[in-house]
Amino acid sequence: MSERRSTATPPAAGRRRLKSSGASRVRYIWLGLYLLFLMLPLYWLVKMSFQPTPEILSSFRLWPADFTLEHYATIFTDPTWYWPFLNSIIYVAMNTVISLAVALPAAYAFSRYSFLGDKHLFFWLLTNRMAPPAVFLLPFFQLYKTVGLFDTHIAVALAHTLFNVPLAVWILEGFMSGVPREVDETAYIDGYSWPRFFTLIFLPLIKAGVGVTAFFCFMFSWVELLLASQLTSTNAKPIVAAMTRTQTATGIDWGLLAAIGVLTVVPGALVIWFVRKNIAKGFALGRV
Amino acid sequence: MTLSLEHVRKVVGGDTHLYDLSLSVEPGSFNVLLGLTGAGKTSVMRLMAGLDRPSSGRIVMNGRDVTRVPVRKRNVAMVYQEFINYPAFTCFDNIASPLKLARLGRQEIRERVHREAERLHIEHLLERMPGELSGGQQQRLAMARALVRDADLLLMDEPLVNLDYKLREELREEMREIFRERDAIVVYATTDPMEALTLGGNTAVLHEGELIQYGATPYVYHHPASVAVTQVFSDPPMNLFEARVDDGLVRVGDNEPVERPAHFAQLAPGRYRVGVRPSHVTVAPRTDADLVVRGDVDIAEITGSETFIHMRRGEAEWVVQASGAHPFELGQTLSVHVDPRHLFAFDDDGRLMASPTRRRVDA
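Heads up: the sequence lines are chains C and R, in that order. For the first sequence, position 158 matches number 345 in my numbering, and the numbering has no gaps at all. For the second sequence, position 171 matches number 172 in my numbering, and the numbering has no gaps at all.
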């Protein structure tokens, strides 16, 4: 279309080309600035994690003068620092597994069967996500205290499923509905039982969806602070809560805080790297 | 193995998909379910397979009531219109999957998969994944998987519809060979009268959820039981018009009356609906006794070697299937000729009263 127009009016086309190359230069500058402002805080965090705390406080520098790994060494050797990391990883993993295990059959039911009130139930599930976690804090706290779940990994994992299961059902339902029902029926005709069909045939078809779902469960659980810190005290203390310990009588240990910050970002970045293609598919389905 | 549906009805959410349908198919027979879209072909197949349960009525296999037997427990195979395979398995594992579930030995599975793949000309693709195959190959794969197990009942729901013309012809030819060697009941759904005629066997004509005729395919074609059958089992549908038969003459509308043909001899004088297939209407005269109809050309579609002329005379619409490419002007007046020996007669309720005598007509 534009090609035909440009052959009809060559001078205008020439002007446009000139303008467009200028426009693209401006565009690159804007994008460059955007990227700079986006990356600057991240870079600053990484830079600070390699500086001794006195240097951070005394001077304003673009890169570390006295490059040090002491903060990382502290974190990886001191159990009071690395255990909170492990705690977070444990309850996040538990949460992801539970959320997926519960949401997969539920999403299949929503996708394949129609039952009384299915649409209402589907919507009601999502409304759970609309409530802020703080609303549920007090009930959770008292209930967990009563049944002895307080300060355990499973406590945090279960609390987070309240938010993750609805999201997981929502995302998975979209992926499952993209698989024709005839695949299920062909498998039943061939003699597959439901569990075998589901694990051998159906799951591979929606593995992108499972990846995306796991990613979102992971991210929510990993960054959630309020429930995770209030439902634990020592045994299952998450890393986000442990960060407050950098504040001591002698002031804040900025270098250590920065190193913890870097280490909290890394798992998320890794997971994004692995599911980046699947997330695009999720966007295409309109479910992410 | 016999299969019969006894007074089967299917109602889904207030909509009746099938009305009181009874159908019994012979062991080892080939059966075509012919009907327009929405006639209930797929509903019938799903009931036969056990994917759905009838709202009332019974389904009997080999004398055993299987109405409530789930699909896994019935020995059936099905091929869908869409190419349904298991994308996570290789082609070999796709075909082998029903055999593996039946716990056959490794060696036997290998032999049977290869035999079936060879029959369907996909043996060179066995190592590939279904997603890498073309549409025609994918459908062959689905058929191989359905054929590899010796199912008692083989259901094919418009398996060729999504293929392109050339592949459709090719696969249809092969299918006749493949089915000839089986003793399973084959049920094949299609909307295409040509396909039904090519495949042969028996034809069950479905129309708006009702079974309107069942019998040997050529018989159903030449003796359509009712007006409804002629609309389904003829492409384009049969031309129908009001006529009077009396004292040795047939008067079709206000056209010149023609002499009553021999096969109309038993008809009592009175009003009838008379029909003729578009392929039996010609532009050129055939005999001296021809029924001649004059009308205005509405549209003429030339499809390569044939021309479909849509003609209007008063209220009546005519479709003429003429061989050769004939350019016609819109609104042009045209005379078409019908040999009275090709006429069908139906009574007021649409039941067949007289059909052309085969031997003379088809010569």
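The set of hints was computed from the structure by calculation and includes no laboratory data. Any given hint might turn out to be false.
Said to hold, decoys possible - So, partial list: chain R residues that the calculated Cβ filter (under 10 Å) puts toward chain C: (1) Arg150; (2) Pro270; (3) Gly271.
Claimed, not checked - Which bits of chain R does chain C cover? Going by a derived footprint, with three or more residues having C-beta under 8 Å, they are: (4) 72-78; (5) 120-130.
All C-beta atoms in this analysis are idealised placements derived from N, C-alpha and C, irrespective of residue type, glycine included.
Ascending list of hint numbers which this structure does not respect: Failing hints, ascending: 2, 3 and 5.
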